[in-house]
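Numbered according to my numbering, the sequence shown spans residues 1 to 86.
Quick list of simulated restraints, FRET-style, between CB atoms:
1) Val85 x Phe63: 28 to 34 Å
2) Arg41 x Ile74: 35 to 41 Å
3) Phe40 x Lys86: 53 to 59 Å
4) Ile78 x Pro36: 54 to 60 Å
5) Pro38 x Pro9: 38 to 44 Å
6) Asp46 x Pro9: 44 to 50 Å
7) Thr11 x Thr58: 55 to 61 Å
8) Lys53 x Thr11: 52 to 58 Å
9) Ala61 x Ile81: 28 to 34 Å
10) Met52 x Val10: 54 to 60 Å
These are computed hints drawn from the structure, not numbers from a lab. Don't be surprised by glycine CBs; every beta carbon is placed ideally from N, CA and C.
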Amino acid sequence: MKPQSSTLPVTDYHYLGTTANFHGRDVSLKSPAPLPTPSFRELSNDFIGSEMKRHYMTEAAFFAIIVAVSTWPIVSMIRAIVELVK
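Please work from the sequences and hints to get the whole structure.
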């Protein structure tokens with residue numbers, strides 16, 4: 001037996017989604033053109049440009065230490081494999 005009444009809300013079939021140029025006001029009103037916003041690339045380049053100068057040497061030193069420490073086990077493994085193959 002089916003229920004007599006629906007518990008779901010009535011769907012609005014005339015709904016139109018917002019468009020990219022919708023600004024929440026009447027389009028017929030003449031307004032100045034919107035100011036251009038900086039792109040994500042510009043923002044990230046500005047941020048990286050200022051931050052990289054401060055932390056570059058410290059991060060490069062830590063990276064060199066990590067590479068040096070991680071190279072030792074790899075070289076040791078290669079030597080062990082070469083001795084095993086002989």
